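Each chain, written out:
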Amino acid sequence: MSALVVVAPGPLSTLQDSGRWGHLRNGVTPAGAMDMIALAAANLLVGNPPGEAAIEFTLAGDTLELDAEGARIAIAGDAAITIGGAAASPWRSFSLKRGDRVQVGALRRGARGYLAVAGGFATPMELGSRSTHVRSGLGGGPLRAGDRLPLARGAAAGGGDVAIDPAALPYLDGAIRVVLGPQDDRFTAEGIATFLSGEYALTAEADRMGYRLDGPEIEHRDGFNTISDTILTGSIQVPGTRKPIVLMADRQTTGGYPKIATTATASLPTLAQMKPGDRLRFAAVGVAEARALLARQVEAMRALPAALRPVLRDASTLTSEALLATNLIDGVVGPDA
Amino acid sequence: MTGDFRIKAAGDSGLVVEFADRIDTAVSARVLELDRAVVAARIGGVLETLPTYRTLFVRFDPLAADAGSLEDRLRALAAAATGEARPGRLWRIPVAYGGVHGEDLEHVAREKGMSTGDVVRLHSSTIYHVYMLGFVPGYAYLGGLDPRLHISRRMNPRLRTPAGMVAIGGQQAAVQSIAAPSGWHMLGCTPVRLFDMRREKPFLVQPGERVTFEPIDAARFERLDALAGRGEKILEPEA
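Quick note, the sequences are listed as chains P and Y, same order. Each step along the first sequence adds one to the number in my numbering, with nothing skipped, and position 286 is 286. Each step along the second sequence adds one to the number in my numbering, with nothing skipped, and position 25 is 1025.
Okay, the calculated beta carbon distance ranges per label pair:
1. P/ALA201 to Y/ASP1024: 40 to 46 Å
2. Y/PRO1215 to P/VAL7: 51 to 57 Å
3. Y/ARG1230 to P/ALA283: 53 to 59 Å
4. P/THR123 to Y/GLU1200: 17 to 23 Å
5. P/MET1 to Y/PRO1147: 55 to 61 Å
6. Y/LEU1227 to P/THR123: 25 to 31 Å
7. P/PRO142 to Y/ARG1153: 26 to 32 Å
8. Y/ARG1198 to P/ARG153: 24 to 30 Å
9. Y/GLY1170 to P/ALA283: 36 to 42 Å
Just a few of them, taken from the derived set where beta-carbon distance is under 10 Å, the chain Y residues facing chain P:
10. GLU1018
11. ARG1022
12. LEU1047
13. GLU1048
14. THR1049
15. LEU1050
16. THR1052
17. ARG1054
18. THR1055
19. PHE1057
20. ARG1059
21. ALA1180
22. PHE1195
23. PHE1203
Just so you know, these hints were derived from the structure itself, not from any lab. All of these numbers come straight from a predicted model, not from anything done at the bench. Heads up, the beta-carbon is just placed ideally off N, CA and C, and yes, glycines get one too.
Construct the entire structure; sequences and hints are all you get.
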């Protein structure tokens, strides 16, 4: 069967899609891509639906080899890349032929990148998703040398390769937006003020399960024990250490520390790109504002296909006709230039 | 009509209906009654619900549902949820106690000043209430442990315990659904898989159902374990 073969895996690479939703009541963690914007960008570049499963790599990518007649792949993330030994740029698709080796190196910026393949990966769906959740064993485990990732469609899709300017991606800048609660009443007014005014840094304990933060201590009201209830991706809980923990995609479904706030969905991709040592602040928004931020982000993502630009196969054949024909000039000297 | 609950936002995509700040079966009955009502109401934009000890979490698509009107709808449904008792199905789970199957049985007996037989009798003669599933897929939080078996957790959690581990910790009892770390005391093992992807219904027990335990010997454990290992169903619930 057509496959991408893992020659050498990065530090932590897993298959992730839009997540294993719908089974919270049975204790099933959704997992899924940490950064849904970058996942969607990688998929868009190869013509897939935005939530199709792709390889999520952490800090550095993998070395892969194509065992198929041809396949189109794309990389979202500012990583150093070589294809067949030649340096290449990310944020574009590539048409590979049998035996081509793709080497994705360290990310120059951010914490996570995505490698998508046209047609998607044909690993088994488990409870409606191909996402990997290491702790429960669903979706397999981290990529290992020798793994063969089956391709849903062996042949490269028609048409030329395309690229996208990552500046078009609608990440929210500035403070991480949060909606206070659901257990903000378990904190003193001073505790909440500290949380919203302090600067926090990601510690070394920052992975797909959650980020332990360092910074000003947050004061509880009536201790820190609560009856276990729902945890969400983006829940911010404060245990006995009084330092916040932001729970991320691989979190448990239930847990027992008071949750001071919940990250706005539109800020999750920004959080997903943070790594140990990065600093952040929190800003409280109302539910209506969080929803409006998300609506604008979703709108911008829907407009992304218009931002795709064709990549010419061979730079030496560039002519003004070809540039005009592929609308590349429009991309260079368009209204944004 | 009972108005003693509150509804809180959990970010932009969730609402939490909280009934009380305690663990008991009456509160759980209200949570589960509201859960049934919300599922039956098929409210547009509602994606899924998660009942816990004292709260119902409702996840919705923030771009398809209006949080304000959803909250009004939940308020009406929650006020109507009086906690009608509805005993759930009973799962009689076979357990091989002690020895290699329950390495902490003797420790628990010593700690509690009773014989291992007494621990087994107390543990297996209770009918437990399934409050919620969480932690890992299919893991059931069971309430109703006999107070004579309440015991603080292990000093040193085990980094890996097997699927099927039957354990106690604090005031709770549990059956491990997949291999996972645990700080609870291991009394025995069941061949029953609470979670098995190969079955048509991967999850066995559900919140609101009841669980009790039936001691079995090692030979019977081996026979049932072999069947379950092939993905066969070895347990049916009683009404």
